[in-house]
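Engineer: Spelled out, the chains give:
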Amino acid sequence: MITLTGRAEAHGVSGEGLLPESFAAAAESEVARTRLRFGAETAELGDLFHVRTAPGAGEPELRIEPGGVRLHGLGTGMTRGRIVVAGNAGDRLGAAMVGGEILVEGSCGDCTGGEMTGGFIRVHGDAGARAGGALAGGPRGMAGGVILVHGSVGDEAGAAMRRGLVAIGGSAAARAGFHAIAGTVLVLGGVGEAPAMATKRGSLVVFGEARLLPTFRYACEYEPTFLRLLLRYLSGPLAFAVPERFARGRFRRFAGDFSQLGKGEILLWTDA
Amino acid sequence: MRIAGVEVEDTFAEAFPMKGARVIVTAANERWALEAARSFTGFATSVIGCKCEAGLERPLPARETPDGRPGVSLLLFAFDTESVGKRLLERVGQCVLTCPTTACYDGLPAAQRRVNVGGRLRVFGDRHQASKMIDGRRYWRVPVMEGEFLVQESFGVEAGVGGGNFLVLAETVERALAACEAAVEAIRAVRDVILPFPGGVVRSGSKVGSSYEGLPASTNEAYCPTLRAAVETRLPPDVGSVLEVVIDGFTEAAVAEAMRVGVRAAARPGVRAITAGNYGGKLGKFHFRLHELLESFPDPS
Numbered sequence: 001m002i003t004l005t006g007r008a009e010a011h012g013v014s015g016e017g018l019l020p021e022s023f024a025a026a027a028e029s030e031v032a033r034t035r036l037r038f039g040a041e042t043a044e045l046g047d048l049f050h051v052r053t054a055p056g057a058g059e060p061e062l063r064i065e066p067g068g069v070r071l072h073g074l075g076t077g078m079t080r081g082r083i084v085v086a087g088n089a090g091d092r093l094g095a096a097m098v099g100g101e102i103l104v105e106g107s108c109g110d111c112t113g114g115e116m117t118g119g120f121i122r123v124h125g126d127a128g129a130r131a132g133g134a135l136a137g138g139p140r141g142m143a144g145g146v147i148l149v150h151g152s153v154g155d156e157a158g159a160a161m162r163r164g165l166v167a168i169g170g171s172a173a174a175r176a177g178f179h180a181i182a183g184t185v186l187v188l189g190g191v192g193e194a195p196a197m198a199t200k201r202g203s204l205v206v207f208g209e210a211r212l213l214p215t216f217r218y219a220c221e222y223e224p225t226f227l228r229l230l231l232r233y234l235s236g237p238l239a240f241a242v243p244e245r246f247a248r249g250r251f252r253r254f255a256g257d258f259s260q261l262g263k264g265e266i267l268l269w270t271d272a
Numbered sequence: 001m002r003i004a005g006v007e008v009e010d011t012f013a014e015a016f017p018m019k020g021a022r023v024i025v026t027a028a029n030e031r032w033a034l035e036a037a038r039s040f041t042g043f044a045t046s047v048i049g050c051k052c053e054a055g056l057e058r059p060l061p062a063r064e065t066p067d068g069r070p071g072v073s074l075l076l077f078a079f080d081t082e083s084v085g086k087r088l089l090e091r092v093g094q095c096v097l098t099c100p101t102t103a104c105y106d107g108l109p110a111a112q113r114r115v116n117v118g119g120r121l122r123v124f125g126d127r128h129q130a131s132k133m134i135d136g137r138r139y140w141r142v143p144v145m146e147g148e149f150l151v152q153e154s155f156g157v158e159a160g161v162g163g164g165n166f167l168v169l170a171e172t173v174e175r176a177l178a179a180c181e182a183a184v185e186a187i188r189a190v191r192d193v194i195l196p197f198p199g200g201v202v203r204s205g206s207k208v209g210s211s212y213e214g215l216p217a218s219t220n221e222a223y224c225p226t227l228r229a230a231v232e233t234r235l236p237p238d239v240g241s242v243l244e245v246v247i248d249g250f251t252e253a254a255v256a257e258a259m260r261v262g263v264r265a266a267a268r269p270g271v272r273a274i275t276a277g278n279y280g281g282k283l284g285k286f287h288f289r290l291h292e293l294l295e296s297f298p299d300p301s
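So the sequence lines, in the order shown, correspond to chains A and B. Per our numbering, residue 1 is the first one in the first sequence, and the count goes up by one each step. Per our numbering, residue 1 is the first one in the second sequence, and the count goes up by one each step.
Hints in this document: simulated from the structure, not taken from any laboratory. Possibly wrong hints are sitting among the right ones.
[Said to hold, decoys possible] If you want a taste of the chain A side facing chain B, the calculated C-beta under 10 Å gives, among others:
1) 35
2) 182
3) 201
[As the list claims (entries may be wrong)] Covered by chain A, according to a simulated footprint, are these stretches of chain B (three or more residues, beta-carbon under 8 Å):
4) 63-75
5) 134-141
6) 146-153
Glycine included, every Cβ here is placed at the ideal spot set by N, Cα and C.
When you get a sec, could you build the whole thing from the sequences and use the hints?
Structural biologist: As structure tokens, this is what we get:
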């Protein structure tokens with residue numbers, strides 16, 4: 001395991017390339033010489049972090065105690081192993097990741113899990129805009145994997161996502177599930193304006209307040225069996241706290257967005 | 001060998017390799033889970049006549065099912081993986097999808113060999129179906145008039161053993177039935193096995209071939225009481241009725257255990273002998289010797 005402990009105040013540092021698999025067999029000095037982009041400059045990792053390595057069995061692990069350093073793009077393209085951030089992370093956490101696991105004990109910035117195709121991200125605090133969405137200028141959001149945000153998220157969670165799951169313990173701001181092609185965004189709290197706007201086939205599941213666009217049409221009230229599986233998966237193996245009352249009750253199904261295909265859905269929980 | 005005063009013949013049951021699947025069906029309540037089970041396992045007594053053998057392994061309490069509703073575990077066996085896939089497609093499609101409130105899951109998630117079931121049944125949704133990936137497994141949501149049918153895309157197939165058996169030779173049909181009912185009750189506690197015949201019991205044990213061209217199996221006249229005077233009988237003089245218990249399972253050990261507990265339970269007053277069916281050992285690769293089964297696992301009582 002490699003532990004990086006922040007030793008400076010630095011924002012805007014790119015953490016791209018800081019991957020557990022890259023450092024699996026590296027010595028401390030070698031890790032410390034890794035160059036990171038820092039604005040228009042580059043800096044050595046050892047100038048920003050105190051580096052410690054410890055032998056470990058199993059999957060490679062990178063532990064970051066960021067202190068005053070805000071790392072962006074951490075875990076980009078990650079394929080295996082584990083990153084633990086004992087604090088806050090910046091933007092593009094786990095962008096385009098393929099596999100492995102990222103745990104953030106604090107909060108993180110925008111585009112968490114942007115365009116990821118696999119792997120697992122857990123954020124104990126809040127996440128910014130476009131969690132699981134497309135990266136800047138990108139046409140597609142996440143295409144696989146799981147993002148759990150125990151707090152709340154900003155605008156356009158799951159924007160343009162194709163597959164995968166984004167589960168949010170708090171609330172989601174505007175346009176959750178915007179333009180989703182498929183996949184699931186589940187929000188235990190409420191959602192902001194224009195939920196699931198322009199979705200094609202995605203599912204937006206909301207347990208709190210929601211004001212829907214007129215391009216969504218009421219279908220029925222029922223108990224979707226797949227949600228039983230999903231909630232058990234979340235509260236069991238994924239240890240994502242789902243209030244007991246949500247396991248009961250029914251869902252009002254709204255089909256839409258009829259400005260697009262109309263094959264998406266919003267499922268609104270209703271206390272039985 | 002005698003068990004509880006009943007003679008157990010020194011012979012063996014001859015069984016065959018098969019392929020099997022486990023299907024978990026859940027429903028809004030136990031009643032509808034059992035209705036689906038009855039329908040799914042209907043006309044599935046013998047692979048020769050029904051193309052598969054199927055049965056209820058056990059009811060499942062809500063805490064043991066994937067979606068937390070009451071359910072059943074069903075096993076289906078056929079000669080090869082392709083046949084298992086075809087039969088699952090037919091039976092899940094006609095007997096589970098049609099049954100109110102049900103959902104259908106694979107009960108062999110670790111199996112390497114997979115057959116596509118939900119992925120083919122999905123087209124019943126006529127392009128209104130939708131899929132969800134949960135915990136690395138794909139499920140299909142098929143809209144139906146009652147609501148939504150959820151079915152897992154692929155089902156695992158494992159090797160199995162078909163045709164474990166024993167025959168209960170009793171004084172009367174009432175005594176034979178009572179013995180077999182006790183055997184079935186005891187076998188129900190064994191995992192990984194089913195009893196594909198009605199109530200777990202078959203009265204028409206068969207022999208290979210017949211005097212008619214093209215008929216692969218026919219009545220086992222040596223054990224028919226009404227033919228005692230006309231054929232070379234295997235029946236002791238005071239035996240008036242014979243019933244057979246047939247067992248399929250996923251492992252040789254499970255079938256052996258089922259036979260062991262079944263024979264012990266069937267050994268009761270009015271039963272004259274217990275034997276087993278075989279073809280001389282030339283057809284089936286699994287041989288379950290009655291004496292070895294009973295000696296290896298002595299009766300704790």
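Engineer: Each hint needs a verdict: does it hold in this structure or not?
Structural biologist: How the hints compare with the structure:
Because the beta carbon of residue 35 (chain A) sits about 37 Å from the nearest beta carbon in chain B, more than 10 Å, this interface hint is broken. Restraint check, residue 182 (chain A) versus chain B: the minimum CB separation of about 8 Å is within 10 Å; hint holds. Annotation: residue 201 (chain A) was flagged as interfacial toward chain B, and the flag holds, the nearest CB pair being 7 Å apart, inside 10 Å. Judged by the Cβ-Cβ criterion of 8 Å, the stretch 63-75 of chain B is covered by chain A as claimed, because 4 of its residues qualify and three suffice.
Three residues within the 8 Å Cβ limit are the bar, and the stretch 134-141 of chain B against chain A gives 4, so the coverage statement holds. Counting residues of the stretch 146-153 of chain B whose C-beta sits closer than 8 Å to any C-beta of chain A gives 3, which meets the bar of three, so the coverage hint holds.
Comparing the model with each earlier hint shows a violation of hint 1 alone; every other hint is respected.
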